[in-house]
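Asker: Protein chains in written order, with this note's numbering: chain A, 1 to 568; chain R, 1 to 193; chain E, 1 to 117.
Don't read these hints as lab results, they were simulated from the structure.
Chain E is faced by these chain A residues, among others (derived, beta-carbon under 8 Å):
(1) 255
(2) 258
(3) 323
(4) 325
(5) 326
(6) 328
Reference listing, derived: stretches of chain R covered by chain E, where coverage requires no fewer than 3 residues with Cβ under 8 Å from a Cβ of chain E:
(7) 46 to 58
(8) 63 to 75
Cut-off 30 Å, straight-line C-alpha distance, at most; resulting in silico cross-link-like pairs (BS3-like, lysine-lysine):
(9) R:111 - E:55
(10) A:514 - A:438
(11) A:205 - R:6
(12) A:293 - A:438
(13) A:25 - A:514
(14) A:298 - E:64
(15) R:6 - E:64
(16) E:64 - E:14
(17) R:83 - E:14
(18) E:64 - R:83
(19) R:83 - R:161
(20) A:514 - A:293
(21) A:205 - A:298
(22) E:55 - R:83
(23) E:64 - A:205
(24) R:6 - R:83
(25) R:6 - A:25
(26) A:205 - A:293
(27) E:14 - E:55
(28) R:111 - E:14
(29) E:115 - E:103
(30) R:6 - R:161
Backbone N, C-alpha and C define an ideal beta-carbon position, used for all residues, glycine too.
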Amino acid sequence: MSEQMQHAGHEQAGQDHAEPGFFLKYCWSTDHKIIAMQYLFTGMLMAVIGGFLAYVFRMQLGFPNHSVPGFGLVTPGRYNAVVTMHGTIMIFWVAMPVLIAAFGNFLIPLMIGCDDMAFPRINRLSYQIFLLSAIVLLVSFAVKGGAFGGAWTAYPPLSSNGAYNLTPLGAVLWLLAVALEFVAFLLGGINFTVTVMNSRAPGMKMFDIPILIWMIVLATVIFMASAGPLIAGAVMLLFDQTLATGFYDPQRGGDPLLWQHLFWFFGHPEVYVVLLPAMGIVAEIIAVFARKKLFGYKSMLYSTWGVGILSFVVWAHHQFVAGIDPRMANVFTVTTLLISIPVAELVFLYIATLYGGSIRLDTPMLWALGFMAEFLIGGVTGIFLGSSGTDIYLHDTYFLVAHFHYTFVPIAIISVFAGITFWFPKMFGRMMNETLGKIHFWGTVIPFNVIFIPLFITGAAGDQRRIYSYAQFAEQSRPALQHLRTTSTIALLVMLAFQLIFIFNFFWSMWNGKRAGDNPWRSTTLEWTVPSPPPHGNFAELPTVYRGPYEYGLPGRADDYWPQNAPN
Amino acid sequence: MSATAKPIANTRSVTGIPTARLITWWVIASEIVIFGGLLTAYIMHRLGHPEWAASAAHTNTWAGAINTFVLLTSSLCAVLAHKAADAQDGPRAARLLRLTALGGVIFLAIKGFEWTTDIREGFVISSGGFWSYYYTLAGLHGLHVLAGAVIMLIVAADAAKNRELQRVECIGLYWHFVDIVWIFLFPLLYIAR
Amino acid sequence: MTNESHVHHPNYVKIWAVLVALLVISVAGSLSSMRAVVLVAAFGVAIVKAYLVAKNFMHVTVEKRWVPYLLVAMIAFVVILFAGVAPDVMRHSGLHWSNDAAKQAVETGMKAATKHE
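Use the sequences and the hints to build the structure in full.
Answerer: In structure tokens, the structure reads:
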């Protein structure tokens with residue numbers, strides 16, 4: 001308690017201005033923590049919408065041609081729109097804002113020991129553009145023709161011609177929303193990179209930076225370097241849609257393959273853009289809960305660099321059946337299989353960190369372990385899809401859908417829950433309920449496997465994705481396969497129901513949770529040296545860093561951890 | 001901290017490069033891939049479609065050349081402004097920056113004249129592959145010129161009062177980058193046949 | 001933030017004069033009827049001009065080493081993009097495939113162009 005009193009004193013010292021009003025404080029703030037919360041809550045809201053869309057199309061697949069409660073009858077056109085928007089929202093409006101923008105904003109200044117981002121107003125602008133992009137996307141549900149129905153990859157000519165996708169307005173709005181979102185993340189990402197490069201606490205050398213911060217920065221750099229060609233491509237697609245140009249129209253000298261290349265040149269690095277922060281969150285958590293120094297900090301870093309660079313030379317493995325030259329398919333198969341080496345290296349390093357640690361299975365640790373287990377399945381099934389031979393059969397089946405959900409759900413859902421449960425005390429000053437957290441964990445992870453393991457089977461049995469109803473296909477409408485689809489749908493309903501527990505736990509704990517001290521997990525990094533929640537300006541006195549971030553389990557010390565800012 | 005006060009994060013410089021210049025380099029890096037993607041697409045199509053040369057022959061090489069001259073000259077003004085800012089001569093830097101922005105305006109005016117002529121002759125953005133790329137590339141570049149000119153006037157207003165002089169160099173860097181893009185667009189769109 | 005110069009300022013007007021002279025060369029080259037002369041005058045000169053601007057106006061060479069590395073890395077990514085895409089988009093046929101629409105577009109375009117002349 002005395003510690004808190006002391007910090008209350010610092011807080012007073014920090015407040016040399018009048019308390020701003022609600023709007024200025026929560027909607028127009030340049031404080032990185034407020035902006036992080038804005039991103040987090042916007043992302044969570046979008047996750048609810050994305051989850052609802054998943055519920056809609058899974059109901060159609062599980063119980064075909066029944067009116068879906070809360071939505072109505074799913075017509076083929078609406079099915080396309082729902083599937084497209086689910087993919088778009090989950091990747092661009094959930095994974096990106098929560099993993100990179102929310103955690104990055106909240107943690108970067110705290111973890112590197114400075115008072116804010118280097119450019120707070122650019123940071124605010126970034127969120128405002130992001131919010132605008134989300135609004136544009138949601139508005140597209142209401143325009144004539146409905147939301148875009150040409151799949152989240154937006155291949156032309158389906159996406160460039162309103163007569164094909166039947167959602168001419170939705171297509172334009174979708175493209176504008178994605179473009180705005182990119183602008184928001186370029187602004188935010190460049191700000192992150194510059195802040196970490198220039199504004200670190202004195203004494204924090206390159207290899208004293210917490211691995212999560214490294215991963216967020218590398219992810220934003222990858223994003224920045226890969227998004228450019230797609231921005232150019234998006235402008236061209238927009239002109240194809242609105243100005244009758246023929247960039248992607250082969251009859252007029254264009255080439256639809258060009259879009260696929262530009263899209264996946266961004267789209268595949270994007271996988272690593274969201275993977276790296278997730279890996280970083282897991283790394284932080286396992287070091288704390290195994291009470292052990294992170295095994296192979298530098299190897300981890302070099303592997304991450306390897307992933308980052310290799311991620312730029314694998315993109316065409318998404319296009320093995322698109323008509324690319326088979327010789328190029330050979331090249332991309334090799335690079336794709338190569339990239340699994342550094343990623344596997346990362347997972348091995350995590351396992352090595354766990355080995356011999358004194359592991360505490362609190363909720364964040366459960367999520368972190370869950371991430372490793374589930375992501376492993378995603379990675380291993382990717383081998384089949386990365387090999388051009390097997391991909392010809394499995395391409396665009398539910399096997400692929402199950403594969404990338406085994407990568408994206410650990411990334412965008414499991415690691416986010418790990419991060420939220422771990423940093424919740426720092427964000428709101430209170431602990432989340434452990435029992436509810438564990439119920440939520442098992443209630444999410446078990447149904448998650450029940451959703452997607454059947455889909456591996458239906459995919460291998462030939463279920464193509466983006467099919468509204470299998471009734472027309474004699475082979476696929478067999479009861480055996482339909483049972484699997486129904487199982488998957490029911491598991492989804494169970495999983496969604498368990499999310500209510502999380503939402504309850506989140507908001508209940510925010511006001512009624514047990515008060516967290518400054519450092520409830522007994523962690524070494526700088527964000528745990530400030531009060532929870534941190535005051536404006538973060539540090540009463542800006543810290544100096546004396547050592548690396550993972551000094552746990554030290555035999556010679558009274559505490560088993562050694563904070564980065566403690567001189568001795 | 002009020003909205004105008006700078007956080008300590010902004011004033012630190014671990015890399016040895018001031019924060020403002022550092023972010024400018026990153027912006028330029030991100031612009032390289034945007035223009036790079038579009039140029040890559042254009043070059044590939046151009047090499048694959050020899051018939052586009054006939055369309056390219058219609059572009060006004062002289063207008064392009066004059067525009068190159070205008071941009072080169074405005075770049076000179078920008079770098080002289082940087083020199084003046086280094087000498088702590090804010091008002092002179094501001095005058096030179098305004099001259100640079102004027103160069104941008106002249107560039108856009110010539111561009112407007114050129115496009116008007118093209119469109120009068122019936123060559124619009126949907127007239128064929130070459131024209132689509134011609135308008136898109138030059139349009140994207142023109143947008144950068146416009147944005148640069150506007151920002152430059154804002155920076156000049158501060159510099160005239162000897163405030164925020166470090167920004168003079170940063171906007172100059174951006175302007176030189178836009179200049180370099182045009183240096184490559186000029187032969188690609190106007191000369192190559 | 002200090003405004004002390006981190007660069008030595010060369011004679012900028014002289015560099016500008018060189019750039020303008022190079023511009024004249026590339027325009028003069030474009031009047032030539034030899035394709036090779038046109039292309040070298042255009043693109044060779046463009047690279048030299050870009051280098052001069054980057055070196056003297058942007059001071060890339062006296063900046064911290066990793067800044068030019070960063071810029072070159074970005075260009076390298078663009079080159080990778082080109083290398084990966086060109087076999088499919090720039091060429092109109094390959095191993096067991098051909099892009100008939102593009103070939104046709106070239107053919108009709110060339111016919112129209114020669115007729116026009």
